[in-house]
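For chain A, the structure is supplied; the task is to place chain B on it using the hints.
Here the protein sequences come in this chain order: A and B. Last residue of the first sequence: number 216 in my numbering, and the count goes up by one each step with no gaps. Last residue of the second sequence: number 202 in my numbering, and the count goes up by one each step with no gaps.
Please keep in mind that the hints were generated in silico from the structure rather than gathered at the bench. Don't take each hint at face value.
[Claimed, not checked] Here are the computed lysine to any residue pairs in the SDA-like style, where the Cα-Cα straight-line distance is at most 25 Å:
1. B:56 <-> A:160
2. A:178 <-> B:56
3. A:215 <-> B:127
4. B:28 <-> B:56
5. B:195 <-> A:80
6. B:29 <-> A:179
7. B:28 <-> B:10
8. B:195 <-> A:79
9. B:29 <-> A:181
10. B:56 <-> B:24
11. A:215 <-> A:173
12. A:215 <-> A:28
13. A:215 <-> B:69
14. B:56 <-> A:197
15. A:215 <-> B:130
[As the list claims (entries may be wrong)] Chain B is faced by these chain A residues, among others (derived, beta-carbon under 8 Å):
16. 159
17. 209
18. 211
19. 214
Don't be surprised by glycine CBs; every beta carbon is placed ideally from N, CA and C.
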Amino acid sequence: MGFTRINGKLVEARVVPGQRLFSQRGAMIAYTGDVRFTPNITGGQGGVMSMIGRRVANEDTPLMTVEGHGRVMFGHGGHHVQVIDLVGDTLFVEADRLLAFEGTLRQSTVFLGSQGGVMGMVRGQVSGQGLFTTRLEGHGSVAVMAHGGVFELPITPDRPVHVDPQAYVAHRGEVRNKLSTAIGWREMIGRGSGEAFQLELSGQGAVYVQASEEKL
Amino acid sequence: MLAVELAGDAVKARHGSMVAYTGRMTFKKLTGGGDGLRGMVARRLTGERMTVMEVKGQGTCYFADQATEINLVRLSGEALYVESDNLLCTEAGLHTGTSFTGLNGVSSGNGLFTTKVEGHGWAAVTSNGPAVILRVGKDMPLRVDPGAYLAHTGSLHRSLKSGAGWTTVIGEGGGEAVQIEFTGEGLVYVQPSEKVTIGGDV
Numbered sequence: 001m002g003f004t005r006i007n008g009k010l011v012e013a014r015v016v017p018g019q020r021l022f023s024q025r026g027a028m029i030a031y032t033g034d035v036r037f038t039p040n041i042t043g044g045q046g047g048v049m050s051m052i053g054r055r056v057a058n059e060d061t062p063l064m065t066v067e068g069h070g071r072v073m074f075g076h077g078g079h080h081v082q083v084i085d086l087v088g089d090t091l092f093v094e095a096d097r098l099l100a101f102e103g104t105l106r107q108s109t110v111f112l113g114s115q116g117g118v119m120g121m122v123r124g125q126v127s128g129q130g131l132f133t134t135r136l137e138g139h140g141s142v143a144v145m146a147h148g149g150v151f152e153l154p155i156t157p158d159r160p161v162h163v164d165p166q167a168y169v170a171h172r173g174e175v176r177n178k179l180s181t182a183i184g185w186r187e188m189i190g191r192g193s194g195e196a197f198q199l200e201l202s203g204q205g206a207v208y209v210q211a212s213e214e215k216l
Numbered sequence: 001m002l003a004v005e006l007a008g009d010a011v012k013a014r015h016g017s018m019v020a021y022t023g024r025m026t027f028k029k030l031t032g033g034g035d036g037l038r039g040m041v042a043r044r045l046t047g048e049r050m051t052v053m054e055v056k057g058q059g060t061c062y063f064a065d066q067a068t069e070i071n072l073v074r075l076s077g078e079a080l081y082v083e084s085d086n087l088l089c090t091e092a093g094l095h096t097g098t099s100f101t102g103l104n105g106v107s108s109g110n111g112l113f114t115t116k117v118e119g120h121g122w123a124a125v126t127s128n129g130p131a132v133i134l135r136v137g138k139d140m141p142l143r144v145d146p147g148a149y150l151a152h153t154g155s156l157h158r159s160l161k162s163g164a165g166w167t168t169v170i171g172e173g174g175g176e177a178v179q180i181e182f183t184g185e186g187l188v189y190v191q192p193s194e195k196v197t198i199g200g201d202v
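Bound-form chain B, shown alone:
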């Protein structure tokens, strides 16, 4: 559950995620994810479509989604890459857009594109269970299960690693055939749960 104090300013939140509020609030749907016309077209094409509403007013507004945990990410100029499914709420000062992740997104179940949030302010990311933040350094790359990956910040390069061998082919795999490898420097957010992915079955 996320509580947002508003004093005349606005936040962008996922469509229908308000659970309660005190004071005066107005809810307005932002067409096409709130990035203007170009952003809308980009979102339609990339499948990173999200329905976003703008909440404006005075008082406290509470947001929640399907009993998931909420993680606050503070951005000061850097970019946060997050799946649109996991983005609950952003401050109005943050800019959202789509970015291409390459082919490795497909088998991880995250699609070819992901949402990029940049600017200064707070973003709320949902996770199924409390999220863990893992640091990636120059000499220590990180491998993450695609279904447990939530978001990342910093200058990270992601690539898909496969641990599939002949045992996987005959149906005796370890259940961890595909991983995302992060190299570079930054932080990766991981949830203690796995969503269903194509790679998750092998």
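Here chain A stands alone, though its shape is the one from the complex:
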């Protein structure tokens, strides 16, 4: 299973009986075979409590369940699509960037304030992530959307990475992120370099960065 990249903006998924896929509602482009699309009212995995959690957290992008036997192509809004394979690790991504993911992955919503308290909440606001983000863990593939091409930057303990909050797409692994500011007297008098806020990611893992400073 998994996703096959057709071009930069389309991925194809093979659907086999007994395995489910979740995708953003309306992201199907074409399919062959006997495939059923059912709107997922709860917006993902878990029961009603998870649904309420997502609604409250504003991470409730409409999803649909894809089941059956065949091949389905996904794409949305001409956005670039990046396929990320998870092998037991975790991926943090905004719900509206999720194009499709395999049903074998566990989906949950996390509160950014739990990672760094008040600064975590400030960080979420600055980077446009909001107060909550979606976490996926387990084994399987995820298709993530971005504006422009995506590239992966590895993070190692001795090599932290700084990312423009607007160009941040997702990150995986054991990564701590904090908002670092480079505000000096120049910013105060309106002579900033335009790079006042950066997300500093450190730990072990990788971060995905898009070639644009535009949010989806």
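Below, chain B without anything else, positioned relative to chain A:
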């Protein structure tokens, strides 16, 4: 996306175009495009104003702008003429200034002035879609759609050609009424996309 390896040296990049970096970097705004006081006044007057920052430090810095493609141009003493909108990043060794393009710039939507980059080093030019480099020889002039023109190098003379006839006047034009003609010897960079220009509508 452009990756620049820095080892204590500096590059000039468009304001706010950094997307990620590793190592230590400092970002400093250069007032008036980084050409000194005279250059700043010239830029203000000509509308080729760009906000440029100087990036200095050790490590790798990544630049990108609005998901556009990036083309690297190697300069060894010659001059590159490029619109300030399309100039993403230059090595610190390159000198930037403004140059007068004449009246033909106005209808091509590029304005009366353009940015001139000269010296030795690399410059990064953005384009909407992968750019094509077209060679202009002595006996083969090149005509380019003003909206698709990006940059040029070499000793080229540019003039505006109009293919407008009576059909254009009555609103039945072919959509290609205005072109820039390049004569001389050099290279012209063209993008597979057209930005909105005055000439583009007719």
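Cross-check of the supplied hints:
Between residue 56 (chain B) and residue 160 (chain A) the alpha-carbon distance is near 18 Å, which keeps this suggested pair within the 25 Å criterion. Of the supplied pair hints, the one linking residue 178 (chain A) and residue 56 (chain B) holds, its CA atoms being roughly 22 Å apart against a limit of 25 Å. The suggested pairing of residue 215 (chain A) with residue 127 (chain B) holds, with an alpha-carbon distance near 20 Å, which does not exceed 25 Å. Proposed proximity of residue 28 (chain B) and residue 56 (chain B) is supported: the alpha carbons are some 8 Å apart, at most 25 Å.
Restraint check for residue 195 (chain B) and residue 80 (chain A): the C-alpha separation of about 22 Å stays at or below 25 Å, so the hint holds. Restraint check for residue 29 (chain B) and residue 179 (chain A): satisfied, since their Cα atoms lie roughly 21 Å apart, inside the 25 Å limit. The straight-line distance between the Cα atoms of residue 28 (chain B) and residue 10 (chain B) is roughly 11 Å, inside the 25 Å bound, and the hint therefore holds. For the hint linking residue 195 (chain B) to residue 79 (chain A), the alpha-carbon distance of about 20 Å falls within 25 Å, and the restraint holds.
Restraint check: the Cα-Cα separation between residue 29 (chain B) and residue 181 (chain A) comes to about 16 Å, which is no more than 25 Å; the hinted pair holds. A C-alpha spacing of about 8 Å is found between residue 56 (chain B) and residue 24 (chain B), which places the hinted pair at or below 25 Å, so the restraint holds. Taking the CA atoms of residue 215 (chain A) and residue 173 (chain A), the gap is about 23 Å. The hint holds against a cut of 25 Å. Using a Cα cut-off of 25 Å, the hinted pair residue 215 (chain A) and residue 28 (chain A) holds, with the two alpha carbons roughly 22 Å apart.
Between residue 215 (chain A) and residue 69 (chain B), the direct Cα distance comes to roughly 18 Å. Compliance with the 25 Å bound is thereby established for this hinted pair. For the proposed pair residue 56 (chain B) and residue 197 (chain A), the alpha carbon gap of about 17 Å is at most 25 Å, so the pair holds. Pair hint residue 215 (chain A) plus residue 130 (chain B) holds up; C-alpha atoms about 23 Å apart against a cutoff of 25 Å. Interface hint status for residue 159 (chain A): upheld, as the beta-carbon distance to the closest one in chain B is roughly 6 Å, under 8 Å.
At a threshold of 8 Å, the smallest CB-CB gap from residue 209 (chain A) to chain B is about 5 Å, leaving the interface hint in force. Of the supplied interface hints, the one on residue 211 (chain A) holds, with its beta-carbon coming within about 4 Å of a beta-carbon of chain B, less than 8 Å. Interface hint status for residue 214 (chain A): upheld, as the beta-carbon distance to the closest one in chain B is roughly 6 Å, under 8 Å.
Hint violations for this structure: none, all hints satisfied.
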